[in-house]
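Chemist: Sequence:
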Amino acid sequence: MNHKVLETRQRDVSYSVIHGLFKNRDRLFQQGRADDRLCQNQACKRSDMVESVEHIFCLCYRVRTAWLWLRAKVTELLSDQGPAPAVSNTELIMLMYPKCRREAEAAFLLCTFMELVDKEVTGKQKELMVGTVRGVLRAKVEQISSRAAPQIHFPLGWL
Numbered sequence: 001m002n003h004k005v006l007e008t009r010q011r012d013v014s015y016s017v018i019h020g021l022f023k024n025r026d027r028l029f030q031q032g033r034a035d036d037r038l039c040q041n042q043a044c045k046r047s048d049m050v051e052s053v054e055h056i057f058c059l060c061y062r063v064r065t066a067w068l069w070l071r072a073k074v075t076e077l078l079s080d081q082g083p084a085p086a087v088s089n090t091e092l093i094m095l096m097y098p099k100c101r102r103e104a105e106a107a108f109l110l111c112t113f114m115e116l117v118d119k120e121v122t123g124k125q126k127e128l129m130v131g132t133v134r135g136v137l138r139a140k141v142e143q144i145s146s147r148a149a150p151q152i153h154f155p156l157g158w159l
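Numbering (this note's numbering), first residue to last: 1 to 159.
Among these hints, one or two may not hold up.
Simulated crosslink set (DSSO-like; lysine-lysine; CA at most 27 Å straight-line) [stated by the list, open to error]: (1) Lys23 with Lys45; (2) Lys4 with Lys23; (3) Lys124 with Lys45.
Hints in this document: simulated from the structure, not taken from any laboratory.
Construct all of the structure, not just a fragment, from the sequences and the given hints.
Modeler: Following this line, the structure appears as structure tokens:
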């Protein structure tokens with residue numbers, strides 16, 4: 001979370017997820033501040049899916065396709081020194097993966113995704129599409145290249 005390539009909002013969302021502060025119905029229900037634990041998306045509700053942090057960022061019908069694409073990209077980055085490590089969704093969103101040479105790029109992808117989910121899915125109740133994630137990532141990579149921040153590098157056409 002201490003990567004210089006991350007923006008303030010990305011760090012804030014990541015911090016709240018890692019420290020169990022990110023608002024979700026499971027946590028609110030435990031505190032007596034919600035009627036149930038279920039995700040409010042109708043497709044998730046019909047399947048009795050509990051709105052946990054992992055659900056919001058990885059399993060919800062609104063993010064699932066985008067998450068699977070992003071997870072494959074992060075796994076590819078983590079396999080720079082051999083076979084990809086076996087890490088769970090929760091470990092990835094908590095940034096608890098083995099150190100690697102592309103750690104800044106992996107953190108950038110994950111934190112940008114979490115920021116986008118927080119803004120678009122949690123805030124505006126929108127479905128997050130792979131094309132949207134790719135577009136935002138490309139724009140942020142361009143933005144970083146013009147800053148005096150450490151550079152991150154992705155192969156041409158990779159995002």
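Chemist: Are the hints correct? Go through all of them and say.
Modeler: Cross-check of the supplied hints:
The hinted pair formed by Lys23 and Lys45 meets the criterion: a straight-line CA distance of about 18 Å does not exceed 27 Å. Pair hint Lys4 plus Lys23 holds up; C-alpha atoms about 26 Å apart against a cutoff of 27 Å. For the hint pairing Lys124 with Lys45, the CA-to-CA distance comes to about 18 Å; that is within 27 Å, so the pair holds.
Going through the hint list in order, the structure satisfies each hint without exception.
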